[in-house]
Structures are given as C-alpha cells and as structure tokens.
Amino acid sequence: MEWLERNVPKVVLAPSFVAILVFVYGFIAWTAWISFTRSRLMPRYELDGVTQYQRLFDAPRWDVAMNNLFIFGGLFIVISMVIGLTLAIFLDQKIRAEGVLRTIYLYPMALSLIVTGTAWKWILNPGLGIQQAIRGWGFENFTFDWLIKPEMAIYTVVLAAVWQASGFVMALFLAGLRSVDTEIIRAAQVDGIPTHRIYSAIIIPTMAPIFLSAFIVLAHLAIKAFDLVIALTGGGPGYATDLPATYMYAMAFSRGDLGQAASSAMIMMMVIFAIVVPYLYSELRPRHDK
Amino acid sequence: MTSKTVLRWGLYGILILFALFYLMPLFVMLTTSLKSLEEIRTGSLLALPREITFAPWAEAWSTACAGTQCEGLRPFFWNSVLMAVPAVMISTIIGALNGYVFAQWRFRGANLFFAAILFGCFIPFQVVLLPMAQMLGLMGLAGTIPGLIFVHVIYGLGFTTLFFRNYYVTIPQELVRAAKVDGAGFFRIFWSIFLPISLPIITVSVIWQFTQIWNDFLFGVSFSGAGSQPVTVALNNIVNSTTGVKAYNVDMAAAIIAALPTLLVYVVAGKYFIRGLTAGSVKG
Chain X
1 MEWLERNVPK
11 VVLAPSFVAI
21 LVFVYGFIAW
31 TAWISFTRSR
41 LMPRYELDGV
51 TQYQRLFDAP
61 RWDVAMNNLF
71 IFGGLFIVIS
81 MVIGLTLAIF
91 LDQKIRAEGV
101 LRTIYLYPMA
111 LSLIVTGTAW
121 KWILNPGLGI
131 QQAIRGWGFE
141 NFTFDWLIKP
151 EMAIYTVVLA
161 AVWQASGFVM
171 ALFLAGLRSV
181 DTEIIRAAQV
191 DGIPTHRIYS
201 AIIIPTMAPI
211 FLSAFIVLAH
221 LAIKAFDLVI
231 ALTGGGPGYA
241 TDLPATYMYA
251 MAFSRGDLGQ
261 AASSAMIMMM
271 VIFAIVVPYL
281 YSELRPRHDK
Chain G
291 MTSKTVLRWG
301 LYGILILFAL
311 FYLMPLFVML
321 TTSLKSLEEI
331 RTGSLLALPR
341 EITFAPWAEA
351 WSTACAGTQC
361 EGLRPFFWNS
371 VLMAVPAVMI
381 STIIGALNGY
391 VFAQWRFRGA
401 NLFFAAILFG
411 CFIPFQVVLL
421 PMAQMLGLMG
431 LAGTIPGLIF
441 VHVIYGLGFT
451 TLFFRNYYVT
461 IPQELVRAAK
471 VDGAGFFRIF
481 WSIFLPISLP
491 IITVSVIWQF
501 TQIWNDFLFG
511 VSFSGAGSQP
521 VTVALNNIVN
531 STTGVKAYNV
541 DMAAAIIAAL
551 PTLLVYVVAG
561 KYFIRGLTAG
571 SVKG
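Just so you know, the protein sequences line up as chains X and G, in that order. Position one of the first sequence corresponds to residue 1 (our numbering), numbered consecutively onward. Position one of the second sequence corresponds to residue 291 (our numbering), numbered consecutively onward.
Hints are supplied without guarantee of correctness; some may be wrong.
Covered stretches of chain X (chain G as the covering partner; in silico rule of three or more C-beta atoms under 8 Å from a C-beta of chain G) [to be verified]:
1) 162 to 176
2) 243 to 250
Simulated pairs of lysine-lysine, BS3-like, Cα-Cα distance not exceeding 25 Å [claimed, not checked]:
3) K94(X) <-> K294(G)
4) K224(X) <-> K149(X)
5) K470(G) <-> K10(X)
Reference excerpt, derived from the structure (chain G facing chain X, CB under 8 Å, subset only) [to be verified]:
6) I304
7) A309
8) L313
9) P315
10) M319
11) R331
12) W395
13) A406
14) M542
15) A545
To be clear, the hints were calculated from the coordinates, so they are not data collected in a lab. Backbone N, C-alpha and C define an ideal beta-carbon position, used for all residues, glycine too.
Pulled out of the complex, with its shape left as it was, chain G reads as follows (with noise of 0.2 Å):
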C-alpha cells in the first residue's frame, strides 16, 4: 500500500468517526424509547433493543403527565402547530412585501432603517422578555396562542425581511420601471414579477422561520399559559417530571415526537434549510 491510499483510508476513518458521533444520540434516542424500563435498568446504554415495545410512545403521544397536566404531548403538539404555521405564514409574507420594498423601492432614510432590522436581529431576547410580559399582559393576549404567535411574528420579521431583501436585490432595476412605465402599480409588479420567480426563497423563509418557531423554548416558556404550551416546553416538564417511577424510554419517546417535524423538514428539504442558515450569517 502506497502512503497515499493509507491517507486516504485514515481521511474516511476520521470521518466515519465523526458520523457516529453525530449519530450516536440519535440511535440512543431510538433504542432507549423502544426498550422497556426493566431492559433499561439490566442492559447496556448502547445495545439495540432485545424485545421492541412501543408502548413508551403510546404514553408519551398520550398519557405521560406534564407538571400536573396527564395527557402525553399531544395537547401541545397541537399548539406548536396552531402558533408555528400562522407565525411562519405571516412572518413570511410582511418579510416578503418589505425585503421588496428594501431591494427595489429605495427611499431616504431606508437604509437605516434596513440597518435597525437587521440590528434587531442580533438582540439577545432576554433584553426584551420583562416588557413584552407586560405588553401581552395588556393587550389580553398573556398565556395564550395568539399571544405567542405575535410575539414570533415580531422577532421573526427582521430574518425574513433579511431573505427576501437580498434575494429581490439580485433583480435589476430596470425591470420594475420597465413596469411602472407600462403603468404597472406596486402590488401588480410584486404580484407578476416577483412572486413568480420566489419559490426558492420563499421556501427557505418557511423553513427557517418553521424550524425557530418549533424549536423555540425561551419565548414558550415565557409567555404561555397552562393550556396553551408548546410540544419543547411540555417535553421539558416531561423530562422534569418528579411523580412516579422515571420512564428513560417515555422521555426519549418525547424528545423524538417533539424533534421530528423540524427533522423531517430538514431530511425533505435540507438543501433549503442550508441556504436559511448560511443566509442569515453571510453577506447576501
């Protein structure tokens, strides 16, 4: 064997290495939501189920108690949904109509203002949790959906507005006052210039605003009510349950539900999902 194949097969090893270390949660995940308690307790961490149950996702989709709430994490993976999808959907669209605002009808002042957005971006959310308690609080909306979805549509709108703004940008001008000279209008320009040719865009704003929204703890922990928690904070009360015998398999159970609509979008449509993350941090 020459150094060079030696090399090669050391380069495949390390990579190797690494997918199992990138895996190797994943599979524990898997495994442990599938073993029963007792095989938990008598085998080891790292061994593939002897005997297959899914009886540890019965409980936790249905019956695994939150806090003093027993109803598994259905409840709340229901409202993930019912706050992620009109979140995503308005976010999305005000993203859109200001990123075309942004890239093509410049005015003074807008690059200062694109400038604030884009600062607003980068706050660490800690810095406005207590006043939009408060906020939330008098306009009625403390503890409930609506009141969460508002709060993602807000801190979202810098993101979005960020995607469309440097996809539109890329549009040379002379096509929209090729447009307006034929009498075209705002809205008409955007409706059949530029909504046509988004897709691409408009997927990767889905994805990442899905995934945020999804994903998000800090704001459902902060904001929501008792009936009105996301599937990442009931995963957490799960997980920190203290009534009962823990159930190893039940919280992993969870943590996959809780986990595979962001997976799935990410297996679906990784390619998209990469252009939201590199989108965000490198110069459009």
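Just chain X, with the same shape it has in the complex (with noise of 0.2 Å):
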C-alpha cells in the first residue's frame, strides 16, 4: 500500500508507456523488420536483405513520388513562409480590423484537407471551373488546366497546400514579431532607422527559432500529405502527383505489397527524422541544463 502511495505516478505513467513503447517504437520495429523481408500480401518475417529498398529505388513511380516530395515540398514550405511573413509584417502595421482578417487568413487550417482538396478540384477543373469562369469574362484563350496536365498537376497540390497552411505560417510569425522587444523598436524608430531596415536588422533576426518551428510544422505536413493528394488528384494523371505517402499506401491496401509499403514507410520515416532530430534534440536541451 505505501509502495503503492509512493509510486502513484509512475502507475499513473503506465500505461501511456507501454503504449507508446509498442504501438509506436514496436511498430516502427515491426515494419523496419518486414522491410527486410520478401512479405507480399501477408507478411513473412524470414529476413531477406535489402532486395525491398532495390526494388523501392528500382521503381519510376517512387521515383516520380521522392521527385514529387521534394518539388511539392520544397515550393510548399518556401511559399508559405513568404506569403507566412509578408502577411504578418504588414497586419503588425496598426492595420483596422485585423482580427477579421487574420479570422479570414487562418480558417483554412480548421478543415481537412480531404475537404480541401474537393473544392480545389472542383475551381480547377478546365470544364466549368476557374479557367471557364474566366474566359466566360471575355479572356477566351485563358488557360488553366494543371490539374489534368502530367507535368503540372503537382503544382495544383502545391497551391491547394499553400492555401491550406500559409495562414497558419501567419499567425505563428505575427506571435513572433509581438513577442520582440518593444523597447529596442522604438529605440531604433527614435534614431530614424527606416521601418523596413528595423524589420531586415532587428526584428527578423531574432525571430530565428518561429522560422525553425514553422519549417518543421510545414515539412511535417509536406511528407503526411496524403490526404490532399487523394482528394484533389487521386495522385493521377496516372501517377503524376504519387507522393511517398501515396505510393506507400497503394502498396499496403490496393496492390498486396507489404514488403514495398514497409521499405517506403520507412524512408518517410528516415526523411522525418533528418529533419525533426536535430530539432528535437535543441529543443529538450537547454532544460536539461536547468
């Protein structure tokens, strides 16, 4: 009973452990494991080296995935951070009725994407969407038609994304900028240093750890966005707009391939952890130093 009493806590903590201990780090062992192993529709667990990761790397369509990861990622997280901070420095301007409009910035970030994705495909489609509605104004050569076009439908994703998250890059960078130090502002405003030299030289500078977080909250997103795909291109035209997420899925749950779902998983996986360890590890630093 008294142990009991001491150890309230730890018995508190238990079952979270064991949880987490199987259902996160067992699992990712466990599909490591079938990664490494010849597994089609039901897994086998006789290793088998590392013909999976041959075959994965072997394959133009997880070729055109990473290839896509790294376009949709890389103009994602780029594009929100601009349109991220633009917005934010210019509602930091004494702006009226900044509320309502960082109401109206942020509101994306409260759907799902899979509803995200069904009204972008339906203002892109070339029929009666955008493209229509514009050449309907006169412009009748207006042309805007990504969304069945191989080579540009990514791009759609890109937008539908952009849409989606840059409102949320917003609000975290406008939190930044009220959080720096008045004082200095003003300070600097007194010496007449010009407002966008305030913002390129002080305040900018020590936002560094908002344009960290928003980086690894949007990269997070990039490598988990499964869900717009599906919804807004169903990764096609054919395989166009395959994602590692897609493609993983594919294999798990339509072709019976869970020697190829288990390698891909685990390189999103490793991708994830080349950019969230070194976050992580600065993060929980400095309080073990307390």
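Assemble the dimeric complex from its two separately framed chains, guided by the hints.
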C-alpha cells in the first residue's frame, strides 16, 4: 500500500508508457523488420536483405513520388513562409480590422484536407471551373488546366496546400513579431532607422526559432500530405502526383505488397528523422541544463 | 496624397486581395451548393446563384451515394461523432494526468520518457499503419468504431501530454510540496489544485484533438469497415462515386457539411485553436 502511495505517478504513466513503447516504437521495429523480408500479401518474417529497398529504388513510380515530394515540399514550404511572413509584417502595421483579416487568413487550417482537396478539384477543373469563368469574362484564350496536365498537376497540390497552411504560418510569425521587445524597436525608430531596416536587421533575426518551428511544422505537413493528393488528384493523372505517402498506401492496401509498403514507410520516416531529430534535440537540451 | 497614404492604401489593397484568395474557395463551395446542375453547366463558377435551391443539401445529407451505399452523409457524420467524442475525452484525460506527472512529479527517467513521447508526435503514421491493421485484427477491433477510437487515443496522447505538461510546468512546485505536507495525495492535489485552473488548457486540448480526429482521413480509410467509415472517407467516396451524373452541387454541399463542425469550433473558439497549433510547434 505504501509502495503504491509512493509510486502513484509511475503507475499513472505506466499505461501510456506501454502504449508508446508498443504502438510507436514496437510498430516501427515491426515495419523495419518487414521491410527486410519478402512479404507480399501476408507478412513473412525470414530476412531477405535489402531487396525491398532495391526494388523501391528501381521503381519508376517511387522515383516520381520522391521527386514530387521534393518539388511539392520545397515549393510549399518556401511559398507558405514567404506569404506567411509578408502577411504577418503587413498585419503588424496597426491595421484596422486586423482581427477579421486574421480570422479569414487562418480558417482553412480548420478544414480537413479532404474538404480542401474537394473544393480545389472543383475550382480547378478545366471544364466548368475557374478557367471557364475567366473565359466567360472575355479572355477566350485563358488556360489554366494544370489539374489534367501530368507535368503540372503537382503544382495544383502546392496551390491547395499553400492556401491551407500559409495563414497558420502568418499566425506563428505574427505571434513572434509581437513578442519582440518593443523598447528596442522604439529606440531604433527614435534614431530614425527606416521601417524595412528595423524589420530586416532587428526583428526578423530575433525570430530565428520561429522560422525553425514553421519549417518543422510545414515539412511535417508536406511529408504527410496524403489526404490532399487523394482528394485533389487521386495521385493522377496516371501516377504523376504520387507522393511517398500515396505510394505506401497503394502498396499496402491495393497492391498487396507489404514489403514495398514497409520499405517506403521506412524511407519516409528517415526523411522526417533527418529534419526532426536535430530540432527536438535543440528543443529539449536547455531543459537538461536547468 | 502623400506617399505615406499611398503606401497605406497599397497595404490594405494587398491584405484584402489575400483575404479574397482565402475566401474564394469557401464562396465557390457555398454558391455551387445552392445552384441547380443546369445553372452550374451554363453559368460561371464565380457567379452568385440565380435561383437558390436547397435540394443538393438534402441529397448530400440523406440520399447521395458513397460507393454502393446511398444514404447520404448522415450515417457517416454520426460515425465521426461517435468516434471523435470518446476519443477526444479519453486522450484529454490521459494527457492531463501524464502532463501532471511530467510537470510536477518528476522521477528518474521521466525526461527520457517525455522525449520518447514527444518524438512519437512526429512519426509519419505510414510507419505504424501495417502493424496497426494486424493488431486491430488480433484485438477483434478491425473495421469498428471502437478500433478507430483506440487508434486516435494512442496517437493523440503525445500532443495532449505535451499541452498539459507545458501548462502545468509553470505552476510552482512549492504549491505541491506544501499540499503534500498538509497530507494531500497525488489525486487530491490534482483534483483540488490543478483541475480548477485547467479550463484554458483543457479547451486547447479538446479543440486540437477534435479537429485532428474529425479531419483525419488516413486512419479512417485504412481501418474502417463498410459501416464505420468517418465522414471524411464518405465525402471522398461521394465525390469519386462514378454512378450517374456528376453532381457538383451535391459534392460541395457534402464538403461543407463535413467541414461544418470544425469550422464552427474555429469560429467560436478561434483563440484556443491558434494556441493549440502554436503550442504544438513552439517551445512552451
């Protein structure tokens, strides 16, 4: 009884401990193991070296998926950051109705990516969508048919994802701008330093951690952007807009190729690790020093 | 006009232009959902409806076909409610207790465990998809709503724990020490000191979890069966249903219905929504 009394905190944590151990780390280990086997429809446990990874890297479809990840991820992150920072700086200029604008910029983040994909799929369809509407205004030759062009379709995914997440980046940056010491800014203003210099030389450099957070969140969203591709393009035309996430899903649930599914999932995880581990390390370190 | 006022006008112009960009899809969804198919075919995407009809909404809610099932979004909407409500409650309660331990009852190894939990927040779910499908089968929960609840609780724990831990860590440890001297135990201190001040962080956690779970598609499409699909999966099925004429107005009505609960939460409690988003990414 006394033992229980002393160890209540540990007992409370125990179920979560077991759950995380099994369902996160145990499952990762399982997937890792399967990725080194010849598993097809059913899991098999005899190890078979790196054949799955060789098959993966030889598959043209995986090549497209990885390329798309870098195109999509790169553009999505950069454009969202640029728009987010710009909007945050503009909103920071004592704007009337700031609250209303902020609400409008951020609401897409509350939507499911399936809803976003459905909406943009309708807007971007060349037959009755925005292309037709603008032609109706008299611009007969206006063309915006990225959705059905294999080499352009990935950019529609970028467009929809930026629409969804850039307002969130704005909110992050705005919070950062507001937390900069106003004394320093006032002193700079008194000295007659122009506003754009105050931003570029004083405010933005102090926001480095926020750039990092925004980057991490966006990179994370990009790697997981499965729902959006499914709803917007279905991975098509053909497999032109496949991402690693849709590749993994197709292998796992429609092709019945567990080995490929597991190895592609492992690659996805390694990409995330490469980004997140340094971040978490830097986040957690100062607390140890306390 | 001085150059300063010109600049000011330009500033407002750009801000309003962006507002239009963010609002446009919502506008298009809403107007499309209120038009007849005839009007959609002949009119412009950006035009207001000439004649407002609510028939697409009725169809989306109760008769639209998702795959072979033609009962509209309604049964799936309730699936999502039945899935989200318990999952949000359970993960928030566990998160609160975990956060309380991590913040106030530190023990050897707690930091390592906390890092392990935090790390779990960042894994791509693809890496647990296959074993989880096997596990749910073994547990007899494959294709059921309890199975989905289970999955959402497990993978929501990391964030809820993080929220509460970062909130409780700001409360001075002397308070707990003093309460202990007075003979109060672990749960008594939680109940009478921590819980009463927790309303803001409970709100953040509930809103975050609700938005995540309601909007989830990956777990829903991977682990649900014919009768247990959540609303996002059903929406995708309705939109990609190949039977009959493509009813864009019904698709849009269905999309809005699926989005309404989280939009409502955002409008009513936007402040807490933003706090959840930023708490997940910025050091607490």
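Results of checking the hints against the structure:
no.: 1; hint: 162 to 176; result: holds (count 6)
no.: 2; hint: 243 to 250; result: holds (count 4)
no.: 3; hint: K94(X) <-> K294(G); result: holds, 14 Å
no.: 4; hint: K224(X) <-> K149(X); result: holds, 23 Å
no.: 5; hint: K470(G) <-> K10(X); result: holds, 17 Å
no.: 6; hint: I304; result: holds, 6 Å
no.: 7; hint: A309; result: holds, 5 Å
no.: 8; hint: L313; result: holds, 6 Å
no.: 9; hint: P315; result: holds, 4 Å
no.: 10; hint: M319; result: holds, 5 Å
no.: 11; hint: R331; result: holds, 7 Å
no.: 12; hint: W395; result: holds, 4 Å
no.: 13; hint: A406; result: holds, 6 Å
no.: 14; hint: M542; result: holds, 7 Å
no.: 15; hint: A545; result: holds, 5 Å
Hint check: no violations occur; every hint is consistent with the structure.
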